[in-house]
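Going line by line, the protein sequences match chains A and B.
For the first sequence, this note's numbering assigns the number 435 to the initial residue and increments by one for each residue that follows.
For the second sequence, this note's numbering assigns the number 11 to the initial residue and increments by one for each residue that follows.
No wet-lab data here; the hints were simulated from the structure.
Every value quoted in this text rests on a predicted model; they were computed, and no experiment measured them.
Errors might be hidden in some of the hints.
[To be verified] Cross-link-like lysine to any residue pairs, in silico, SDA-like; alpha carbons within 20 Å at most:
(1) A:LYS615 to A:GLU716
(2) A:LYS614 to B:ARG140
(3) A:LYS760 to A:ASN750
(4) A:LYS780 to A:GLU761
(5) A:LYS663 to B:LEU156
(6) A:LYS742 to A:VAL528
(7) A:LYS540 to B:GLU51
(8) A:LYS676 to A:ASN750
(9) A:LYS614 to B:ILE151
(10) A:LYS562 to B:ALA53
(11) A:LYS563 to B:GLU55
(12) A:LYS615 to B:GLU152
(13) A:LYS563 to B:PRO121
(14) A:LYS624 to A:LEU783
(15) A:LYS737 to B:GLU55
(16) A:LYS540 to B:GLN59
(17) A:LYS614 to B:ALA53
(18) B:LYS242 to A:GLU672
(19) A:LYS540 to B:ALA43
(20) A:LYS615 to B:GLN59
(21) A:LYS678 to B:ASN79
(22) A:LYS615 to B:LEU156
(23) A:LYS756 to A:LEU783
(24) A:LYS737 to A:VAL528
(25) B:LYS242 to A:GLU666
Below, each chain spelled out in residue letters.
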Amino acid sequence: MSKSYRDGLPISPEKFVDQLMRLKRGSISRRDFLGLTGLGVATAVMARELGIMPTPAFAAESLGDRMSIATWPNYHDPATFENFKAETGVAVEVNVFGSNEEMLAKLQAGGSGWSLFVPTNYTISTYKKLGIIEPLDMAKLGNFDGTKEDARFTAEGTIDGTIYAVPKNWGTTGFAVNTKKLTKPMSSWKEFWDTAMTEADGRTMVHDYQLTTIGNALKYYGYSFNSLKQDELAKAEELLLKVKPHLFAVSSDYQPGMRAGDAWMTMCWTNDGAQLHRDIPEIAYVLGKEGGEIWTDFYAIPKDAPNKPAGYALLNYLMNPKVAVKEHLANGAPSTDARVNALLPKEVLDNPILYPAADLLKPLEFGAAATLTDPGRAELMARFKAA
Amino acid sequence: MRGSLFRKNFLTALLLAPATLWLVVFLVLPFVAIAIFSVGERAPEGGYQAALTLAQYANLPARATAFWNTMVLAPVGALACLIVAYPVAYYLALRAPQRWRLILLALIVIPFWTSLLMRTYAWMYILGGRGIPALLAYVGIEDLRLINTPGAVLLGIVYGYLPLMILPIYVSLERLDRRLLEASADLGATPLSTFLGVTLRLSLPGVMTGFSLVMILLLGEYLIPTLLGGGKVFFIGNALVDLFLQSRNWPFGSAIAITLVAVSVVVLIVANRISTRLSGARRVDLI
Numbered sequence: 435m436s437k438s439y440r441d442g443l444p445i446s447p448e449k450f451v452d453q454l455m456r457l458k459r460g461s462i463s464r465r466d467f468l469g470l471t472g473l474g475v476a477t478a479v480m481a482r483e484l485g486i487m488p489t490p491a492f493a494a495e496s497l498g499d500r501m502s503i504a505t506w507p508n509y510h511d512p513a514t515f516e517n518f519k520a521e522t523g524v525a526v527e528v529n530v531f532g533s534n535e536e537m538l539a540k541l542q543a544g545g546s547g548w549s550l551f552v553p554t555n556y557t558i559s560t561y562k563k564l565g566i567i568e569p570l571d572m573a574k575l576g577n578f579d580g581t582k583e584d585a586r587f588t589a590e591g592t593i594d595g596t597i598y599a600v601p602k603n604w605g606t607t608g609f610a611v612n613t614k615k616l617t618k619p620m621s622s623w624k625e626f627w628d629t630a631m632t633e634a635d636g637r638t639m640v641h642d643y644q645l646t647t648i649g650n651a652l653k654y655y656g657y658s659f660n661s662l663k664q665d666e667l668a669k670a671e672e673l674l675l676k677v678k679p680h681l682f683a684v685s686s687d688y689q690p691g692m693r694a695g696d697a698w699m700t701m702c703w704t705n706d707g708a709q710l711h712r713d714i715p716e717i718a719y720v721l722g723k724e725g726g727e728i729w730t731d732f733y734a735i736p737k738d739a740p741n742k743p744a745g746y747a748l749l750n751y752l753m754n755p756k757v758a759v760k761e762h763l764a765n766g767a768p769s770t771d772a773r774v775n776a777l778l779p780k781e782v783l784d785n786p787i788l789y790p791a792a793d794l795l796k797p798l799e800f801g802a803a804a805t806l807t808d809p810g811r812a813e814l815m816a817r818f819k820a821a
Numbered sequence: 011m012r013g014s015l016f017r018k019n020f021l022t023a024l025l026l027a028p029a030t031l032w033l034v035v036f037l038v039l040p041f042v043a044i045a046i047f048s049v050g051e052r053a054p055e056g057g058y059q060a061a062l063t064l065a066q067y068a069n070l071p072a073r074a075t076a077f078w079n080t081m082v083l084a085p086v087g088a089l090a091c092l093i094v095a096y097p098v099a100y101y102l103a104l105r106a107p108q109r110w111r112l113i114l115l116a117l118i119v120i121p122f123w124t125s126l127l128m129r130t131y132a133w134m135y136i137l138g139g140r141g142i143p144a145l146l147a148y149v150g151i152e153d154l155r156l157i158n159t160p161g162a163v164l165l166g167i168v169y170g171y172l173p174l175m176i177l178p179i180y181v182s183l184e185r186l187d188r189r190l191l192e193a194s195a196d197l198g199a200t201p202l203s204t205f206l207g208v209t210l211r212l213s214l215p216g217v218m219t220g221f222s223l224v225m226i227l228l229l230g231e232y233l234i235p236t237l238l239g240g241g242k243v244f245f246i247g248n249a250l251v252d253l254f255l256q257s258r259n260w261p262f263g264s265a266i267a268i269t270l271v272a273v274s275v276v277v278l279i280v281a282n283r284i285s286t287r288l289s290g291a292r293r294v295d296l297i
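Start from the sequences, fold in the hints, and give me the full structure.
Dropping the structure here:
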């Protein structure tokens with residue numbers, strides 16, 4: 435084998451920076467190891483002193499070159515993962531889900547392959563009970579600052595004083611309306627369901643998600659969003675079955691239909707509502723005055739995560755307010771972190787989709803843990819879809 | 011003598027071992043696991059909990075609509091494929107110029123190299139508001155909705171499964187003895203009666219193979235109804251996805267899966283019988 439003419443020459447500036455960056459993210463190939471150990475130690479010390487390295491953990495563990503995250507549709511700034519890859523060399527594979535039940539099912543089956551995922555507030559106690567998620571090692575999350583978090587939204591991530599999940603953002607569940615097609619102003623879930631059977635016949639979408647679809651049907655009658663009462667659920671089922679033939683689709687990925695103009699009205703989360711309204715101003719976001727859901731999405735790490743170092747590294751990266759602010763601008767959901775709010779432009783903080791008036795927020799309920807595993811609700815949803 | 015017989019049996023067993031292992035690992039074991047699940051119970055938080063009960067099977071009527079929809083979708087979808095596929099296969103086998111035949115066959119097979127999911131997504135955009143309806147809006151046809159309709163589902167199914175129908179029919183037509191067609195004409199048969207009495211009849215094994223192949227796959231279909239039908243109509247495939255991924259009722263899902271396998275086997279046997287009878291004495295191997 436012939437040797438390259440470059441062998442034996444002094445190291446070039448580019449190559450030095452290359453190797454420095456590789457060491458910085460802790461990935462040393464075996465071949466490089468012997469030749470570079472001295473350099474590596476020196477750099478690690480230097481970097482820590484100079485504050486280049488975000489956490490000491492990076493130097494100790496190899497991050498590998500790939501990881502996967504389970505999250506929601508239209509939920510991240512794609513540039514976030516590109517930048518993370520540029521900084522650490524770890525490529526992030528994004529798995530998109532439509533409901534917390536689906537995420538739970540994947541984790542229960544084992545071998546989900548995720549090193550980070552985005553569960554909603556009401557699921558975390560169940561995950562803890564089932565032993566599916568691990569208590570977070572806060573030493574690896576230097577960018578997280580619990581004192582700057584709004585406890586109203588973040589309490590469910592902490593169980594018995596142990597932090598199992600840190601917040602991504604909060605939001606509400608309302609509905610989006612194409613006001614060019616449906617000109618009558620709406621302000622309640624009663625109007626949503628009634629319009630679905632009349633003016634919006636064949637143009638309405640509901641989530642493929644029992645929590646919100648059943649919950650908002652319960653709101654038609656003014657019952658609790660989280661109700662498990664037999665007679666109340668029966669009324670909700672009756673309404674859903676009546677609406678079913680008039681629907682455009684049962685799907686949690688409703689942006690394509692709304693953007694293409696096939697659907698005129700859909701159940702909608704804050705972030706999607708903000709994205710749709712930003713791009714298509716005639717799409718309005720409405721909170722039912724009867725109430726409905728308020729939520730916080732968290733980040734958690736599965737016990738069987740195949741690449742925990744990368745999971746922690748990405749989580750810590752996402753907790754950096756400078757990164758988080760870009761996420762919020764792209765995603766559209768409000769932040770729980772005061773440091774992020776301070777960086778957000780005024781028009782975002784004044785956006786009523788993101789930060790609704792207090793009287794609209796007041797009747798909203800956080801999802802209840804029991805709804806996640808209740809077989810009655812699951813079966814109701816299945817009967818609705820099968821009808 | 012005994013020794014050589016033993017050796018012969020041993021050799022046979024040895025040669026069959028890889029195939030047997032394959033069958034056991036990929037067919038028997040999963041089936042046994044599903045069968046065990048199906049007599050269990052749903053754990054309180056979802057999943058499976060050991061038990062010995064037939065409650066899941068007794069609960070099958072709760073998915074009667076899904077079974078009924080599937081029992082309609084599978085034959086109707088297969089029939090729609092057949093109607094489109096037969097003329098294509100006929101042209102390919104008996105009419106297309108020899109030098110074009112291979113290219114045309116390749117054109118039919120090549121789309122199969124891309125995932126069905128991707129191709130179905132493409133149809134979502136073609137049929138969606140920014141696709142054909144946007145074009146029609148130019149000529150004044152406003153607010154036409156094509157996506158999430160039964161027609162869209164049928165279109166998706168015909169598109170997705172067509173090659174599986176064309177190829178077996180093509181093969182049976184290609185093998186057709188041309189002299190029989192000449193003989194039929196010589197004996198005074200009209201082109202139509204030659205087609206019905208000779209061509210169609212002799213291609214029936216291919217038709218039945220294609221039909222049962224498409225139908226069995228359609229019994230488990232869930233992707234196309236979800237993407238092109240808007241998830242409004244529930245098939246057994248959708249019921250299974252839901253039971254495993256949303257309600258997390260594995261035992262019930264397993265009972266439905268076992269029932270689905272039983273139905274598929276019955277379909278195969280019936281198709282085999284019909285095919286054998288229609289084509290005279292010729293037996294057709296479907297699997």
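Each hint, compared with the structure:
A distance of roughly 9 Å separates the Cα atoms of A:LYS615 and A:GLU716; the hinted pair therefore holds under the 20 Å criterion. As the CA atoms of A:LYS614 and B:ARG140 are separated by approximately 17 Å, the hinted pair is consistent with the 20 Å bound. This hinted pair checks out: A:LYS760 and A:ASN750 have alpha carbons roughly 15 Å apart, not beyond 20 Å. A C-alpha spacing of about 16 Å is found between A:LYS780 and A:GLU761, which places the hinted pair at or below 20 Å, so the restraint holds.
Proximity of A:LYS663 to B:LEU156 is assessed by CA-CA distance (about 39 Å); at most 20 Å being required, the pair is judged violated. Between the alpha carbons of A:LYS742 and A:VAL528 the distance comes to roughly 16 Å, so the proposed pair stays at or under 20 Å and holds. For the hint pairing A:LYS540 with B:GLU51, the CA-to-CA distance comes to about 19 Å; that is within 20 Å, so the pair holds. Of the pairs offered as hints, the one joining A:LYS676 and A:ASN750 is violated, with about 47 Å between alpha carbons and a cut-off of 20 Å exceeded.
For the hint pairing A:LYS614 with B:ILE151, the CA-to-CA distance comes to about 18 Å; that is within 20 Å, so the pair holds. For the suggested pair A:LYS562 and B:ALA53, the alpha carbons sit about 16 Å apart, so the restraint of at most 20 Å is met. Using a Cα cut-off of 20 Å, the hinted pair A:LYS563 and B:GLU55 holds, with the two alpha carbons roughly 10 Å apart. Straight-line distance between C-alpha atoms of A:LYS615 and B:GLU152 comes to about 12 Å, which keeps the hinted pair within the 20 Å bound.
For the proposed pair A:LYS563 and B:PRO121, the alpha carbon gap of about 47 Å is over 20 Å, so the pair is violated. With a C-alpha separation of about 29 Å, the suggested pair A:LYS624 and A:LEU783 falls outside the 20 Å cut-off, and the hint is violated. Straight-line distance between C-alpha atoms of A:LYS737 and B:GLU55 comes to about 18 Å, which keeps the hinted pair within the 20 Å bound. This hinted pair checks out: A:LYS540 and B:GLN59 have alpha carbons roughly 17 Å apart, not beyond 20 Å.
Between the alpha carbons of A:LYS614 and B:ALA53 the distance comes to roughly 48 Å, so the proposed pair goes past 20 Å and is violated. Restraint check for B:LYS242 and A:GLU672: the C-alpha separation of about 16 Å stays at or below 20 Å, so the hint holds. Proposed proximity of A:LYS540 and B:ALA43 is supported: the alpha carbons are some 18 Å apart, at most 20 Å. For a cut-off of 20 Å, the pair hint linking A:LYS615 to B:GLN59 is broken: about 50 Å separates their Cα positions.
With a C-alpha separation of about 16 Å, the suggested pairing of A:LYS678 with B:ASN79 holds against the 20 Å cut-off. A distance of roughly 18 Å separates the Cα atoms of A:LYS615 and B:LEU156; the hinted pair therefore holds under the 20 Å criterion. Note on A:LYS756 and A:LEU783: the hinted pairing holds, with a Cα-Cα distance of about 16 Å set against a maximum of 20 Å. For the given pair, A:LYS737 sits about 19 Å from A:VAL528 by alpha-carbon distance, which is consistent with the 20 Å threshold.
Proposed proximity of B:LYS242 and A:GLU666 is contradicted: the alpha carbons are some 24 Å apart, above 20 Å.
Of the hints listed earlier, those the structure fails to meet are numbers 5, 8, 13, 14, 17, 20, 25, in rising order.
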